[in-house]
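Number of protein chains: 2
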Amino acid sequence: MKQIERLIERIIKRVNINLRAFQFDVTPYMHELVSHMEMLNYNAFYGITEHHPTHFVFSKSSIAGSYFFGKCVIEQSTIYDSDIRGDELKRAGDHIEIEGDEFIMEEDEMVRILDSYLIKTLVHSFSHDPRSPEEFFIRNTVSMHYANIHGAPMVGCFLGPLATVDLTTARSCIFGAYSYVQTGTIMDKIVERGVVWVKSNSFEFLYRYPRHVIDHYIHYIESNTSPVGVLMDFCEQRKEELRQVFYGKFEMPMVAIPNTSAMNRYALIKGNTSIGDNVLIAQRAYLQDAHMGQGSNAQENSYIICSRLEGNDVTAHGAKIIHTHLGNYVFVGFNSFLHGKPDMKLIIEDHNIIMPHTIIDLEEPLHIPSNQLVWGYIRNRHDLAENSISLDKLCTVDGKISQGNMVFDGKGEDMVTAFKIRIKRILEQNYGHAEVSQDISYYMLQPYLSGKQQGLFPSIEINP
Amino acid sequence: MKQIERLIERIIKRVNINLRAFQFDVTPYMHELVSHMEMLNYNAFYGITEHHPTHFVFSKSSIAGSYFFGKCVIEQSTIYDSDIRGDELKRAGDHIEIEGDEFIMEEDEMVRILDSYLIKTLVHSFSHDPRSPEEFFIRNTVSMHYANIHGAPMVGCFLGPLATVDLTTARSCIFGAYSYVQTGTIMDKIVERGVVWVKSNSFEFLYRYPRHVIDHYIHYIESNTSPVGVLMDFCEQRKEELRQVFYGKFEMPMVAIPNTSAMNRYALIKGNTSIGDNVLIAQRAYLQDAHMGQGSNAQENSYIICSRLEGNDVTAHGAKIIHTHLGNYVFVGFNSFLHGKPDMKLIIEDHNIIMPHTIIDLEEPLHIPSNQLVWGYIRNRHDLAENSISLDKLCTVDGKISQGNMVFDGKGEDMVTAFKIRIKRILEQNYGHAEVSQDISYYMLQPYLSGKQQGLFPSIEINP
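Sequences listed follow chains R and L, in order. Start counting the first sequence at 0; every next residue gets the next number (numbering that gives the first Met the number 0). Start counting the second sequence at 0; every next residue gets the next number (numbering that gives the first Met the number 0).
If you're looking for bench data, these hints aren't it; they were derived computationally from the structure. No experiment lies behind these values; they were computed from the predicted model shown. Possibly wrong hints are sitting among the right ones.
[As the list claims (entries may be wrong)] Derived DSS-like pairs (lysine-lysine); straight-line CA-CA distance at most 27 Å: (1) L:Lys248 - R:Lys269; (2) R:Lys248 - R:Lys12; (3) L:Lys238 - R:Lys248; (4) L:Lys269 - L:Lys344; (5) R:Lys423 - R:Lys410; (6) R:Lys238 - R:Lys248; (7) L:Lys344 - R:Lys248; (8) R:Lys340 - R:Lys269; (9) R:Lys238 - L:Lys248; (10) R:Lys399 - R:Lys419; (11) R:Lys399 - L:Lys248.
Turn these sequences into a full structure, and let the hints guide you.
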């Protein structure tokens, strides 16, 4: 048996032990998923700059098509086509407050991935677990296509495709496809497909997609085949273009990038796209006929197509914005799918908060007035009324309300404030980031092409 | 001062101390030679396969545009556009005989480059110093454009452009431009420009190019400018194309490569070129309208242009073959320049040995019959008569002879035998090498693009 097969067996075993209580077996999800031979055609990339702590340790692993940044230790893992971005890790000397605990970092934080299998997964931000401030660990975990692990250390978890675990430490959990979780900690739980769940000390927001809707957008026909559905198709259709960008083979149009803005060299631009000041475009962002107004961003794996962002708009990781017009200060959360059509425009006015994992897939033109919180599944005005609330109104809520498939309990004002603080922080990063992002050096790494170690990499250590 | 400038100061100081006896100062050769900003545009490459021991250690250095292989330690050095090929290093368990001493290698040999500055230099083969079998060291040394360090450990040396030190341990020596030395050991010597010197226990071969000839092909106008002349111009004109190959930007024609043959992915092919069985084409080889007959090779930095190699021909590192027809089993030594013209063909019959650093630059068509040793500067039949001897005749020599600028002393048969053994070994490597060469994984490394460490690389360690 090749060493890479043995590696995968090892990971399966370890994850299954952690999920034994649920009698869950990750085997079918992993087998045949990625042909090992296909992985040989992909390289991995490690970015360094003088501005970020650099330390990359890598052993007994395969990291095809992946991208890393900052301090990372990867052992006994398979990381395929994933973005591991350690540039926002906490640093020695930082004053940090998490869940009310304050502390000063004694050393730089490090992403540490052990015995895990991540495919097309984004790992980003700093870990929000005050019990382990120096280590953002991902252990005994399998994460599927386009999942996001965002500031979320975890052990023994399975993330279905397009799932997001955000600022939450997770142990022995199964996160179903397209579920979003931000609950601080979570243990021994199954989060069903299409659940959007935000919980803090003072409020809880819970939305469940109807099952037939989730099936349409993302589902498995069999667990041992690739997931299918509108969202998968959308990404898979553009996969090859994004791959070409990494190998310098995608012909991009000349686009003026202001000095104050930064476009990652592994972002894709096509059509008639324009970039304003203080704009940040991350790697694997896909921009086609897009207008990026000043102070806007397009984070990893986001798509902005035939759309206009007026300014200071946030396109979070994995969000898709198509035939849509965003006013100023609109926040579009993780993996949201805003799907206007050429003859059915989606117009979203200023200061809207589109919750993570929102699907707006129009069957008529739609206009969303300013200052709303918007969530769930929306096709028309009727759906919008059911799946939105004005921020002003939400601020007055103190107790339990429900609208359609959404239940909210607690202080509405706290949820609005939490979002506003977060959005403000993201927007601030768009300013002044340009300089840092332009001076990234890239290391390109390739696996052994033959022999026992085929598909694996040698041990690598890179230090400043 | 930037760290890279401090590094260069350090190297200069150390080399100068070693060459103090000659009051030689390397400073002018190094300053302004390579713009540091230009170096930022070049990456470095490290190749690994399952067939070769891998260990790459790299610190406080700059390695722009360079290529490494096998076990290498690089510290406090600047290695610009150089090929460091450790794939023929000795390995643990190998039985080795050098200068009559036999031993078994207890560990893998390693190339170790410290406090040195190598520009466009080839370092290759295993070190031929029985006093240090495990370490192929290059210390306190400056080596200029297109020089070859071939199985030659050295401390405190300066190699001028196109110089070759072959299978020779050198200490505190200056090797003039286009000089070739193969003397086993050499200490505290200045080897003048254009000297070709082979010395063993039983024979000595010495040729000196006339000064005006060397001036025409390679010389410095000022020591603080780049070298000029026919040979420099020839290489510099093709430099950009070769660079494009490394960045995947050179469009190559479709050429059938037999399964038994190996073309390095960083070799360049253009025009109507054909490749026979068991052919080896190394990186940075440049083939244009070339016919490579079965069992032939084109080693690093060699150029084969509008030429036909019938079969089992060796094109050693840096050799240039233009409008030339080689019969079978022709050996063309290091940095030779065989320059036929469209209307003045150079025909070299079977079993010829073209000495390293031979210049045949025709002013009339020329036919070299089989089984000759050929050296020096040749433009026509008259020069050929003066600068060649039949191998049969050389075998009968025992004592001193001279022809033109060449003096031979000793047993001619031993020189012929030594060459034949070496050629046989090289040809054997062309067979069965293909498999190994096709499975090379490449690591692409890039320097810091800004800040104090601009132009330097982080510390890197790669282990199997």
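Quick rundown of the hints versus the structure:
The straight-line distance between the Cα atoms of L:Lys248 and R:Lys269 is roughly 21 Å, inside the 27 Å bound, and the hint therefore holds. Between the alpha carbons of R:Lys248 and R:Lys12 the distance comes to roughly 39 Å, so the proposed pair goes past 27 Å and is violated. Proposed proximity of L:Lys238 and R:Lys248 is supported: the alpha carbons are some 22 Å apart, at most 27 Å. For the hint linking L:Lys269 to L:Lys344, the alpha-carbon distance of about 21 Å falls within 27 Å, and the restraint holds.
For the hint pairing R:Lys423 with R:Lys410, the CA-to-CA distance comes to about 21 Å; that is within 27 Å, so the pair holds. For the suggested pair R:Lys238 and R:Lys248, the alpha carbons sit about 13 Å apart, so the restraint of at most 27 Å is met. Restraint check for L:Lys344 and R:Lys248: not satisfied, since their Cα atoms lie roughly 41 Å apart, outside the 27 Å limit. Note on R:Lys340 and R:Lys269: the hinted pairing holds, with a Cα-Cα distance of about 19 Å set against a maximum of 27 Å.
As the CA atoms of R:Lys238 and L:Lys248 are separated by approximately 22 Å, the hinted pair is consistent with the 27 Å bound. Between R:Lys399 and R:Lys419 the alpha-carbon distance is near 22 Å, which keeps this suggested pair within the 27 Å criterion. With a C-alpha separation of about 62 Å, the suggested pairing of R:Lys399 with L:Lys248 is violated against the 27 Å cut-off.
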